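Undergrad: So you can see what is in the structure, the chains are spelled out below.
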Amino acid sequence: MEFYLSLGVIIVTAVLVPFLFHLSSKLNSNKSKTQNIQNVYECGISTPIKDSDETFNVKYYLVAIIFVLFDVEVLFMFPWGVNVRTLSWFGIAEMFTFMGILVAGLIYIYNTKALKWG
Amino acid sequence: MDAYLIETVIKIVVILLLFSALAGFGTYFERKVLAFMQRRLGPMNVGPYGVLQIAADGIKLFTKEDLIPQGVVPAIFKIAPVITVATAFMAAAAIPFMPEFTAFGYTVKPIIADINVGILYVIGVMGVGLYGPLLGGMASANKFALISTARAAAVFISYEVVTGLSLLAPLMMVGSLSLIDINNFQAGGFTHWMIWSQPIAFVLFLIAAFAETGRTPFHLIANDHELIDGFGTEYSGMRWGLFFIGEYANMFFISWVIALVFLGGFGDGSVLGALALFLKVSFFFFFFLWTRAAWPDVRPDQLMMLCWKILMPIAVVNIVITGIVMMF
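Same order as they appear, the protein sequences are chains A and B. According to the numbering used here, the first sequence holds residues 1 to 118 in order. According to the numbering used here, the second sequence holds residues 1 to 328 in order.
One chain only, chain B, in its complex shape (with noise of 0.2 Å):
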C-alpha cells in the first residue's frame, strides 16, 4: 500500500510539473506556428530562435505583483483561476499517457487511476472547469468579463449534448468506458483504429473539443477584437497565468483522449506505439493551432445553432446507425 501510494504521488508530481512546462512549450509552440503562418519570424530575441521566451514570460508572470482590482468579490476572485487549473489536472488522473513500461524491474502504468468509467470522469470533470471563466468573470466587476460569462454559459449548453452523444456510438462497439480497454480494442493496427468505422462521431468530437477547450472557431470566452481578454481582463500575474496553464492543460489532455479513442492510441504498448501516440497527440496540437490561423470565430447564435440543428441530430442518427448496425 506504501509502495503505491508513493508511486502515485512520484506520478502526480511528474505529471503536473510535465504540462505546467509544457503549457508554456505550448505558448512558444503557437506564437511561432502562428507567425509563419503569417510569414513572420515569432519571437527571435531571447535565446536561440526565441525559445528562452518561455523562461521570461514564467519569471514574469511568477513575479509580478498579485493585484486585487476594485469592485470584485475576493473570495470568488481568487477561486476561480484555481478551479480551472485543479478540474485540468484532475481530469489528467485517468488518462494513460503511455503503454506500461518496466523501469529497474518495476512495472509502471503511466495512469494515475485506472477507474472502469475513465471517459466519463474526464469529460465531467472537464465540463466543471469551465466554472472557473464562469466564477471568475462575474466575480469581476468588468462589463467584458460579465460578457464573457453569459457566453462560457452559452458555449457551454451548446456543445456538452454533442460530446456525449458523439462519444456514445464508439464506445458502443467497445463496450467499456475505461480509456486502456478503448485503446486495447484498436489494437489490431492501422486498420482497426475507431476513426474508420466511427468517422462522423470523430469530426462531432473533434468540433466539441474545439468548444471544450474554447478555441478558435468557437473562442467566444475571450474573443481578442470584442471581449479584450473576456473573463481574464481584470486578472493579472500567476492568476493570469494559472488560466493559461489550465487552458493549454485542456489542450494537451483533449488531444490525448482523441487520439486514444479514436486514432488508435499506443496501439499494442511497444515503444513505436507510445511514439505514435506523441507524434498523434502533437498533430492535434497542432490542429488547434492551424484553425487559429485559419479560420474566423462564430457568433454565440452561430454555435448553439451549429450545435442544436446540425451536430445534435447528426450525432443522434450516427448512434441509430450503429446500434442498427452491431445488431446485424
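If we strip away everything but chain A, and leave its shape as in the complex, we get (with noise of 0.2 Å):
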C-alpha cells in the first residue's frame, strides 16, 4: 500500500514544480514600456475583427458521443483482458457476444453515416 503515498507525493511534486518555474520570470525586471505586446494576435492586424468567443459548428459532435459510449466499453474489457486464462472459454464467449453488440453498433453507425464528414 506504499504506493499510495508515493503517488501522493509525485501529483503534489509535479503540480508545484511548473509553479515554481513560474516564479522564474518573476526575477526579471524588463517590463514592456507600452500596451501593445498585450493585443490579441490576428496576422498582424492590431484589433482583432470579431470575438472568439462566439459559437461555431462542430461537425464531429455526434462522434463524441459515440466515443464515450465506446471509451467505456473498452474499459469493460480490460478486466476481462487481464483474466482471459483463467476464465477460459466461458469468458471468450461472454466477451465475443459483447463485442459482437460493439460491432453490430459500430455498424449501425457506420449505416446512418454518422462517421461521414464534408
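One or more hints might be untrue.
Said to hold, decoys possible - Derived BS3-like pairs (lysine-lysine); straight-line CA-CA distance at most 27 Å:
hint, chain 1, residue 1, chain 2, residue 2
1, A, K33, B, K64
2, B, K309, A, K31
3, A, K59, B, K309
4, B, K78, B, K64
5, B, K309, A, K116
6, A, K31, B, K78
7, B, K64, A, K26
8, A, K31, B, K60
9, B, K60, A, K26
Said to hold, decoys possible - To give a feel for the contact side, a few chain A residues facing chain B, derived at Cβ under 10 Å:
hint, residue
10, N39
11, L102
12, V103
These aren't lab readings, by the way, just hints derived from the structure by calculation. Just so you know, these numbers come straight off a predicted model, no measurement behind them. Note that CB positions come from ideal geometry on N, CA and C, so glycine has one too.
Dock chain one against chain two, each of which comes alone in its own frame, and use the hints as you go.
TA: What follows is the structure, encoded as C-alpha cells:
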C-alpha cells in the first residue's frame, strides 16, 4: 500500500514544480513599456475583427457522443483481458457476445453515416 | 517508512529534473535531426556544434516577461500549462525506467509507484494531459487557439479507443497490467518480444502514440502552417516553455511504454538489458523526429476516418484472433 504515498507525493510535486518554474519570470524586472504587446495576435491586424468566444458548429459532436460509449466499452474489456486464461471459454463466449454487440453498433453507426464528414 | 519516503522524494526530484533537462536536449536533437534530413547544419553558432543552444533557449524562456494577453480568462490561462506538465510527470510514476540495481548496498527500484494497474494509469493520466491544450486554447481570446481547441477534441475522440483496444491484446497474453510484469513476461530474450506475437497491436499502438503526443502526422493541434502555434499562440515565456516540456516529456514516456510493452524492455534486468532499453527508447524518440521530417500532416477528418473506420475494426479483429489462439 506504500505506493499510494508515492503517488500522493508525485502528484503534489508535479503540480508544484511548474509553479516554481513560473517564479523565475518574476526575477526579470524588464517590463515592456507599451500596452500593444498584450494585443491578441491576428495576422498583423492590431484590433481583432470579432470576438473569439462565439459559438460555431463542430461537425463531429456526434462522434464525440459515440466515443464516450465506445471508450467505456473498452474499459469493460480490460478486466476480462487480464483474466482471460482463468475465465477460459466461458469468458471468451461472454466477451465475444459483448463485442458482437459493439461491432453491430459500429456497423449501425457506419450505415447512419454518422462518421461521414464534408 | 521514513527511508521509503526519502527514497521516493529523491527519485521524483531526479526524474523531474532529468526529464525537464532532457526536454531541452530533445529540442536540440530535433533541430539537428530535421536539419540533417534537409541537408542543413542546424544550430551551429552557440558553443561547439551548437550544443549550448539548449542553455541559451533555457535562459531565454526562464527570464522572459510574464505576459497575460488581453481578453483571456486569467485563472484558466495560467493553470493550463501546469496541467500539461503535471500530468506528463505524473504518468512517469508507474514507468520502470531501469531494472533494479544495488548502489552502496541499497537496492533501488527505479519506479516511483509500483502500482498493479501501471499501464492503465499511464494511459489514463496522459489522456488527462489533453486538458492542457484544450483549456489553454479556450481561455485565450484568439481564433487560431479556438480552432486548435476544436481539433484537440477531434484528436482525442479518435485515438483514445484505438489506444485501449491495441493495448488489450498484449495484456491478454501477459495477464497483468503492471509494466514490470509485462517486461518480465518478455525476459526470455529477442524471440520472446511482444512485437513478434502482436505485430498488429504494435503498429496500432505506435500510430496511437503519435496521436497521443500530437506529433507530426497528427500534429493538427498546433499545425504551424495553418494555425500558427494553435493553443500556444497567446502563450510566451515560461508558460509556453511548460507546454514544451510537457510535450517532450510525454514523447519520452510514451517511447518508454512502447519499448517496455512491445520490444522486451530491459529484458532480464542486467546492465546490458538496461543499455538496450535506453537504445530502444532513443530509437523511438528518433522515430518521432524522423516521421516529422518525412510525412505531411493529415486533416482532422482524415484522422477520424483512419481511427474509426480502419484502425478500430483492425484492433477488434486482433483481439478476437488473440483470444481464440490463446484458448488452444
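Undergrad: Decide, hint by hint, whether the structure agrees.
TA: Hint check:
no., hint, result
1, K33/A x K64/B, "holds (14 Å)"
2, K309/B x K31/A, "violated (52 Å)"
3, K59/A x K309/B, "holds (17 Å)"
4, K78/B x K64/B, "holds (16 Å)"
5, K309/B x K116/A, "holds (10 Å)"
6, K31/A x K78/B, "holds (19 Å)"
7, K64/B x K26/A, "holds (9 Å)"
8, K31/A x K60/B, "holds (15 Å)"
9, K60/B x K26/A, "holds (13 Å)"
10, N39, "holds (6 Å)"
11, L102, "holds (7 Å)"
12, V103, "holds (6 Å)"
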